[in-house]
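The two chains are supplied separately, each in an independent frame; assemble them into the complex guided by the hints.
Residue-level listing of the chains:
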Amino acid sequence: MKEMYDLIVVGGGPGGAIAAKNAAELGLDVLLIEKRQEIGDPVRCAEGVSKICLSDHIEPDPRWICADLTGSRIYSPDGTMVEMSEEMSGGEVGYVLERKVFDRALVDQCARAGAEVRVKTRATGLIMEKGVVCGIYAMYLGEEYEIRSKIVIGADGMESKVGRWAGIDTSLKPTDMETCVQYLVTNIDIDPQFCDFYLGNEIAPAGYLWVFPKGENMANIGVGILGSKSGDHRAIDYLDKFMRDVYPEGRIIEMVYGGVPVSGPIEKTVSDGLILVGDAARQSDPITGGGIINAMEAGKIAAEVAADAIKKGDYTTDTLNEYETLWRSTIGKEIEYSLVVKETFIKFTDKDLNHLAQSLSNVNFYSLSLKDLLYALFKANKKLLWDLRGLFRDVVNNNFEFKYKKNQFD
Amino acid sequence: MSIKINRYKCGYCGACVGVCPSGALELVETWVEANDCCTSCGLCAKICPVGAIEVNK
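Protein sequence lines, in the order shown, are assigned to chains A and B. For the first sequence, my numbering assigns the number 115 to the initial residue and increments by one for each residue that follows. For the second sequence, my numbering assigns the number 32 to the initial residue and increments by one for each residue that follows.
In isolation and in its complexed conformation, chain B is listed as follows (with noise of 0.2 Å):
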């Protein structure tokens, strides 16, 4: 798993959550967690409004 969330700029809306097809994101209040079951698609990152997420395949 290589995904990395700027949590500074995150705005916590939950887009990222919304389309890992893994179920490997999940929003908490005003930060996500990742887990283990991320298989670094990058959806997250292509998603995010802001920009804040980076996933290396």
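Next comes chain A alone, as it looks inside the complex (with noise of 0.2 Å):
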């Protein structure tokens, strides 16, 4: 480790690594600090991703691939269940992917750009000067270090403590996150080609459950549930009933705890010679608690903004700002929007969740792309979707486009 670098990545996770990537083949020196033992392990993810845009990145690779959907199924509390097939969102629907090669081979493609990479590496502070940041304080195998940088990039995911060192307030309130447990669980009769939602207050409050398959008869099976509704009955508590109520057979072979950020985006996600991306910057889908996309997006830009501001020798906010400019006119706005559904979504009782599944049992969804779904939705419950107006507006009228978000589901 030397005492001096261009960059310094915070966290080895998708928004890290593919920043860390991106700055060294713009000619940065670049250094990645993973707190972790390994990349990737322990896993604290369902694995789902969305197809769009993730070859923007990475080429697929059946090593890190476990499933290759062609649709979803959701189910309300009643049992409906509404079928969306690969037809209708246009053959781009998911892969489960096995988190622990994917992250790994994210990183081998950053260190093999020119990145230095370290593990075991935590970063306990941040050397500030004058209210600018200007490297971290690490440590390394139980040793304390110094290391000096032009810019910092904070990509250390939902426990993040780089924004907070540096001013910003990225904490969390229990009404800002999905408290989650999943088990991957084996001899199990699943369609591996098809996801599965649970909805219901009886089965996941404010969240989701879900069964990802991981290949024949093995699927990851989870519940997220909002914070503000853990308490007496858990995520762990919701996920054992469901697990002895429909799959008493399956057998566990891992356990993954873990914690989502839904508050949709915080205020500033930059400052003096700081840059905050990925979880870190609370830049998951507050619907889906989908991050790997957006964070690698983030990713992309962080490093470019920062090869920019680092041409120019100027690492003020005024000039990361384009950062923020940036994320915040793609991602940023489908986190918005997601947000709004989110707040509507959290309030309907399970007889509303029953009535939305309900009112589309007579669409042929193989004919609809997922705007005309959407226009269905909200014409057939518009008291119920009266909130979500303006967004159904934008929809119809093309003002949004599902670029990245579509069906995005980690």
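These are computed hints drawn from the structure, not numbers from a lab. Certain hints may be false.
Listed below are the simulated BS3-like cross-link pairs for lysine-lysine, each with C-alpha atoms no more than 27 Å apart in a straight line [to be verified]: (1) K328/A - K165/A; (2) K447/A - K287/A; (3) K40/B - K244/A; (4) K426/A - K355/A; (5) K465/A - K496/A; (6) K116/A - K426/A; (7) K497/A - K244/A; (8) K425/A - K244/A; (9) K35/B - K234/A; (10) K287/A - K461/A; (11) K447/A - K461/A; (12) K214/A - K40/B; (13) K35/B - K88/B; (14) K447/A - K382/A; (15) K40/B - K287/A; (16) K496/A - K355/A; (17) K493/A - K447/A; (18) K461/A - K497/A; (19) K88/B - K234/A; (20) K287/A - K35/B; (21) K88/B - K355/A; (22) K116/A - K244/A; (23) K40/B - K328/A; (24) K214/A - K328/A.
Shown next, in the form of structure tokens:
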């Protein structure tokens, strides 16, 4: 480890890895640190990702794709099923990844692009001079280091500290976080090409339960509930009940716990010498909880802005604000829309959810686009979805393209 | 500070760290550390997906 770099990236998840890779390719001297011993492990993710935009960052590889999905099914509390097929979503549904391999492949790319990578290296604070971030304090194998850089990118995930150290309030309220438990379950009968979502206040209050296939007879089965609903009954209790009721023969071979930010965009994601990306910037989708694609998009933008800033020799907020502008006008716009939908959705009773699902029972999905589906849903449930009228208007008028988010659900 | 983290139950997901308003918690590899900034607000205990945290207010 040197004493000075152009850029230090804190966190080796998808956001950090893509930022480091792009920055290295743009000629910056980059250090990527990851506090854990292994990249990608332990997993804290349901591992589903839309195909859209993934190949902008990495070529799909069978080594980290467990399932290639052709559609999804949504179950309302009374069991009404809404099926969304591949045809409906334009042939782009999703993959279920093997994150341990996927994350490692991303970091491998960034190392090959020239970035220095250090695992088991934890940032313990920021070096600040007159309010400007100029590097990090780090611990590697129990030894403390002071490492300077022109810019720091905080990609330290949901439990991010980097933003807080720089005075950006990233703390989440329980209403801003889905608290999740997932089991990798084997010995079960599932459709390996479909992912299933279960809704309802008895199943997952203000959240959802998912079954994402990971090949034949194996799936990630997990539940996320809104933090404010957690207490007497926790995420693990809801999941255990579902397992008893639906998959009593299932055998659990891995347990994954996690928290997913669903707060929507935070007030600022840059300060002098600092950029936040991914979960650290609360860029996950408030509806689906999906964060991988958004983190990678943000990481790429952050790298480009950082490279420009370094070329200019100006690392102030004024210059780095270009990052704010760019991510808020693309992924940020979609996150804001999703936040409006989430705020409406968490108020729905089980009766409302059943009503929504039943209103789609006579709709032929194979002939519909996503835009038409949303419009059909709104037309049949105007009163229920009145709060979303602005969003539907934009969708119908084609002002809003589901470019990134389409069926993203990790 | 009266926070008790059952490290045998904890799945080191860091959800508690994300909600801690005073930044008192930190996830270090497979354990959570609490420092003296803890105000015993109890949000960490509420958010924990498995109930591994106990806070006496």
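These are the hints, each one checked on the structure:
no. : hint            : verdict
1   : K328/A - K165/A : holds, 16 Å
2   : K447/A - K287/A : holds, 22 Å
3   : K40/B - K244/A  : violated, 43 Å
4   : K426/A - K355/A : violated, 57 Å
5   : K465/A - K496/A : holds, 15 Å
6   : K116/A - K426/A : holds, 23 Å
7   : K497/A - K244/A : violated, 54 Å
8   : K425/A - K244/A : holds, 22 Å
9   : K35/B - K234/A  : holds, 26 Å
10  : K287/A - K461/A : holds, 18 Å
11  : K447/A - K461/A : holds, 22 Å
12  : K214/A - K40/B  : holds, 23 Å
13  : K35/B - K88/B   : holds, 12 Å
14  : K447/A - K382/A : holds, 15 Å
15  : K40/B - K287/A  : holds, 23 Å
16  : K496/A - K355/A : violated, 34 Å
17  : K493/A - K447/A : holds, 24 Å
18  : K461/A - K497/A : holds, 14 Å
19  : K88/B - K234/A  : violated, 35 Å
20  : K287/A - K35/B  : holds, 21 Å
21  : K88/B - K355/A  : violated, 31 Å
22  : K116/A - K244/A : holds, 23 Å
23  : K40/B - K328/A  : holds, 26 Å
24  : K214/A - K328/A : holds, 13 Å
Taken one by one, the earlier hints fail for this structure at numbers 3, 4, 7, 16, 19 and 21, listed in ascending order.
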